[in-house]
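*Asks:* Please take these sequences and the hints and turn them into a complete structure.
Chains as they are written, first to last, in our numbering: chain A, 1 to 305; chain B, 1 to 305; chain C, 1 to 305; chain D, 1 to 305.
Since the hints were made in silico from the structure, they are not lab data. Worth double-checking, as some hints may not be accurate.
No copy labels: a pair is met if it fits in one copy or bridges any two.
Calculated lysine to aspartate or glutamate pairs in the EDC-like style (CA-CA distance at most 20 angstroms, straight line) [unchecked claim]: (1) LYS53 x GLU23; (2) LYS53 x GLU13; (3) LYS257 x ASP233; (4) LYS79 x GLU155; (5) LYS257 x ASP181; (6) LYS271 x GLU115; (7) LYS250 x ASP240; (8) LYS294 x GLU72; (9) LYS79 x ASP295; (10) LYS79 x ASP68; (11) LYS257 x ASP17; (12) LYS250 x ASP233; (13) LYS79 x ASP279; (14) LYS282 x ASP233; (15) LYS282 x GLU155; (16) LYS158 x GLU256.
Protein chains: 4
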Amino acid sequence: MPIYTDLALESRELNPDIQGVTEDSEQAGRVGITRIEVTTSEAAQKLQKCMGKYITLDAPELSSRPLDLFEEMTHTFAKELMQFTDRLSDNATILVVGLGNRYITPDSLGPRVAEQVYVTRQITTYLPDAIDHPVRAVCAVCPGVMGVTGVETLEIVKGVVRSIQPDLVIAIDSLASRRADRISTTLQLTDTGINPGSGIGNTRAGINSEVLGVPVLAVGVPLVVFASTIAKDTISMIADETGLHKDEEKLLNLAEKVINENIGPMIVTPKDIDSIVQDMAKIIADGMNLAFFKDNYNEVRSLIA
Amino acid sequence: MPIYTDLALESRELNPDIQGVTEDSEQAGRVGITRIEVTTSEAAQKLQKCMGKYITLDAPELSSRPLDLFEEMTHTFAKELMQFTDRLSDNATILVVGLGNRYITPDSLGPRVAEQVYVTRQITTYLPDAIDHPVRAVCAVCPGVMGVTGVETLEIVKGVVRSIQPDLVIAIDSLASRRADRISTTLQLTDTGINPGSGIGNTRAGINSEVLGVPVLAVGVPLVVFASTIAKDTISMIADETGLHKDEEKLLNLAEKVINENIGPMIVTPKDIDSIVQDMAKIIADGMNLAFFKDNYNEVRSLIA
Amino acid sequence: MPIYTDLALESRELNPDIQGVTEDSEQAGRVGITRIEVTTSEAAQKLQKCMGKYITLDAPELSSRPLDLFEEMTHTFAKELMQFTDRLSDNATILVVGLGNRYITPDSLGPRVAEQVYVTRQITTYLPDAIDHPVRAVCAVCPGVMGVTGVETLEIVKGVVRSIQPDLVIAIDSLASRRADRISTTLQLTDTGINPGSGIGNTRAGINSEVLGVPVLAVGVPLVVFASTIAKDTISMIADETGLHKDEEKLLNLAEKVINENIGPMIVTPKDIDSIVQDMAKIIADGMNLAFFKDNYNEVRSLIA
Amino acid sequence: MPIYTDLALESRELNPDIQGVTEDSEQAGRVGITRIEVTTSEAAQKLQKCMGKYITLDAPELSSRPLDLFEEMTHTFAKELMQFTDRLSDNATILVVGLGNRYITPDSLGPRVAEQVYVTRQITTYLPDAIDHPVRAVCAVCPGVMGVTGVETLEIVKGVVRSIQPDLVIAIDSLASRRADRISTTLQLTDTGINPGSGIGNTRAGINSEVLGVPVLAVGVPLVVFASTIAKDTISMIADETGLHKDEEKLLNLAEKVINENIGPMIVTPKDIDSIVQDMAKIIADGMNLAFFKDNYNEVRSLIA
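*Replies:* See the structure below:
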């Protein structure tokens, strides 16, 4: 039973020797940037991550929440995002999809981002004279979750895509990490979309370009660690340090038992997760606004406010 | 410039002599029930209300918010609603559409109802064995408002209807009344759907059976009075009592001026509107749950909770 | 039955000829500043406003909510507030009291401001070494309202004042205006505190310096107009324009009847009151932070964030 | 470094052989009741729990959230609480203190309970004629947390107690447990109050009868497990099963290192903690309302609603 992670960066850390992966990293001020590309289907299978690009921004100091680093993270994210949005025309239509449940805190990232994106499509459609230059038509929907609405998220997204014909879809979702200290400090941007069960095999169920017929980006932030991961990591480390490697499998079986009996589907999260989600949602929304409206940010901002 | 109201009951009060309208009322305990049917297009034009049935429940004592009257209102509403839902099969699909903006209090009725409806479609679709008898497949979506999402509400509703093929759509929305004392005490149920601009002429823009191709009900509660209505009503009453009828038009023109200069698009609302919306949303959601799951309410409730 | 207003500026407008009042105004960019001082107890009685200073900031363009005007308003407010806070020592203790009910939107200004003020007293008390220079010890409490807590607001405030011995108390509260168009555009700062029933006579029930034994400021924003005011204003204007002055009293009696029967304790408010309260709370909190921490704003901000 | 728990029941489980503790349990329907009394200061020291009574209600099936079990839990809690409230006179004053931070979900239990308690003191004080029989004067305050208000919680509570002179204080707070599966299923009622750092030694800092001079109860629900507890428990179990007891200390040191480096102050919590806090707050508030107003519950309920 492997450790579960939504971060390609962590899949890679756990499998450093697999072929079919390119990787490079740079430091931009206080933000580390790692670019991983999964280039073969064998690598995708082994890493449990779809073929495509994964850009990870990481700023450990974010955990103490300094306001100026929020701004640095916002601009670094905007710059990475522009690699994808700069290909779009000046009057392109962009659909932001906020996944997750607004009323479950660690699951509320998507809806919170959607609330803060500058929505312009009603202006470009009905009041085109309110603006001097071409402005991208941004819209934002929160399809909710199946258990709450009774309608499959993908069906709602498909319906909206069919109706408004966007040039780009960006889905936002909470992620699970394997390390608790990544919760407030990391952000992943990928061109593979959102793919349930790591997107191997059944890509038809995902929110991705194959299914929707348009380019799909996904932005996510690790907001939970499964409690079982903590137990597994503890044991691995003990096995490493004690040289008890011959017993590691036995120990892991025991851990499995502890987890099933005592922990169940619990998650690990910081106590101030409410503030963290709020901060990270603001970083993502601000970064998207900067990238979408690169040439007319102030004009759009005054129209929207 | 006529007084605006979303209540057919009030349109009728203002135009008591128009032909093409049938009307009857009864008292069920502390709840008054008025049934109005607009039967000709001439009457529809004059009343600014689409042809169809309008059922109004009215309980003045609700303003002091006694818990037992909430229950009475809930059951009376459920009974009226069953006239429409009893025609549906035991495994029919029902789509609840919560209109309005969750973050503007007097506009939040729809989303609040949608949150409290028992959503069962994910169970009937994926876990049919969890239930012994046929259960209606209820789902609930909140399409937001154009200004917030950038996507037309009707487009989102059409997409969901196409995808899940419901047998009935029920839309919930806040209404404007002409009398402030109706705000916490009245509820309107109609089979005409939601029709912008009173639905005369362009019914193609409405959430109604003509557009969606399935029966559409609408449930609404008056939660605002336009401030201009207060001024107009005051003047009409003064004209009545002073015999200044010959000057009424002149007075109304003056009032118009006052309103435009001092009041603008202000609304009149009770200070405790937050609690009122919450209470009325609960009455509607509970009433719908009772009507939808008439034969297996307790079983569904325990599955959902 | 006179028109009710919490704004000294409006009391003055309604009584322009009363002696014992000094008044001057200036324009600071897009913000108008009016300074009124009630200097005699006769004037206080006639204006129904306690003796003392009232500073009103007014920016009509705020109604379209431009971000840069928010900043201008914030800095103008901070500057006016500094006239009072600059007298305090560098390590003075300031108690912010957020009056009102967090869950009734137009009554939620006080609690919302209290949430956003930079609270430093726990640092100055327990971690004095975390800061290089003297920092004012700011604390913020929301005593709730009697109906919600069952404890008199004044009793809670007195208890806190006795315990922490502040050098200044600043109370924040929602106000009632007589003109709807002041709702999103005006802010009043006074050194008379908060005085129920206009503070004439029984000043012992107020949150003021006489009762608390320390200087007390109050900051308020008009967020409601009583619906009855709309009716009265409409009639006054009609009487003015028609020359029906001899009948004005009769008309006002009629209006009184309309109001009692149809309107009751309704309030007039813009539909987007939720956003307006949020914006005005931010202006007040930001302005207080700038004034309180004039010499070390950035240091404090990074400690708090 | 011992495992931390706020539950006396768990302290006892970890130290089953200590003298100076009486203990008995019974099963009331689906709710288990355990009554523990710490009778000597030696036992208090060893268990890190103050001398006094601890009543724990436990209903494992609550995790699937059946509505009828909520009612059973409510009534069982009310019955236990009556052992303390039945000693009070019919017009006694009760102060409910909701501890914690309303905006941090697992810390919001106290404020949520305080919001739902039937507050009657403003009626008994100002409208005594509204009620036929003596009614207890209940009031409810949420003093916030030091970091948010800058004022010590205990100082605010002391001020209110001095002002209203209650006959009983009941404090509500979130607890930390050592087992994740207790999070949605357990409730502790104690007559020892709230005592920081387990209340050993410095009882002067606690919200207890010694400090406040009136009887003080505390009600709590485990809503978090410290993530470090998961690691420690895993290792203990492994040591048990592998017979590696001689290495347990070494292993625990390693675990300590893992925890410090990777986990920090993380907490373990179910993903749907928002719903759980809401449900448990309702159980506690309903139970208190039933106990406080044992003889006139319906009358009070209709006055309050």
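*Asks:* If a hint holds in the structure, say so; if it doesn't, say that too.
*Replies:* Hint by hint, here is what the structure shows:
1. Within a single copy, LYS53 and GLU23 get their C-alpha atoms as close as 10 angstroms, which meets the 20 angstroms cut-off; across copies the closest is 61 angstroms, which misses it.
2. Proximity of LYS53 to GLU13 under the C-alpha cut-off of 20 angstroms is restricted to the intra-copy arrangement: shortest distance 16 angstroms within a copy versus 51 angstroms between copies.
3. Taking identical chains as interchangeable, the C-alpha atoms of LYS257 and ASP233 lie at most 20 angstroms apart whether they share a chain (15 angstroms) or sit on different chains (12 angstroms).
4. Proximity of LYS79 to GLU155 under the C-alpha cut-off of 20 angstroms is found in neither arrangement, the shortest distances being 32 angstroms within a copy and 33 angstroms between copies.
5. In the homo-oligomer, the alpha carbons of LYS257 and ASP181 lie at most 20 angstroms apart only across protomers (14 angstroms), although the nearest pairing inside one protomer, at 25 angstroms, exceeds that limit.
6. Proximity of LYS271 and GLU115 under a CA criterion of 20 angstroms is satisfied inter-copy only: 19 angstroms between copies versus 24 angstroms inside one chain copy.
7. Proximity of LYS250 to ASP240 under the C-alpha cut-off of 20 angstroms is found in both arrangements, the shortest distances being 14 angstroms within a copy and 13 angstroms between copies.
8. For the identical chains of this complex, LYS294 and GLU72 are intra-copy neighbours only, at 16 angstroms inside a copy versus 25 angstroms across copies, given an alpha-carbon limit of 20 angstroms.
9. In this homomeric assembly, LYS79 and ASP295 come within 20 angstroms of each other (Cα to Cα) only inside a single copy, at 13 angstroms, whereas the closest approach across copies is 35 angstroms.
10. Taking the shortest Cα distances, LYS79 and ASP68 sit within 20 angstroms of each other inside one copy (17 angstroms), while across copies they are farther apart (25 angstroms).
11. Proximity of LYS257 to ASP17 under the C-alpha cut-off of 20 angstroms is found in neither arrangement, the shortest distances being 30 angstroms within a copy and 27 angstroms between copies.
12. Taking the closest pair of Cα atoms, LYS250 and ASP233 come within 20 angstroms of each other both inside a single copy (15 angstroms) and across two copies (17 angstroms).
13. Taking the shortest Cα distances, LYS79 and ASP279 sit within 20 angstroms of each other inside one copy (19 angstroms), while across copies they are farther apart (30 angstroms).
14. For a Cα distance limit of 20 angstroms, the shortest separation of LYS282 from ASP233 qualifies neither inside one copy, at 31 angstroms, nor across copies, at 37 angstroms.
15. In this assembly of identical chains, LYS282 and GLU155 lie within 20 angstroms of each other by CA distance neither inside one copy nor across copies; the values are 28 angstroms within and 28 angstroms between.
16. Within a single copy, LYS158 and GLU256 get their C-alpha atoms no closer than 39 angstroms, and across copies no closer than 47 angstroms, so neither meets the 20 angstroms cut-off.
Comparing the model with each numbered hint stated earlier shows that hints 4, 11, 14, 15, 16 do not hold.
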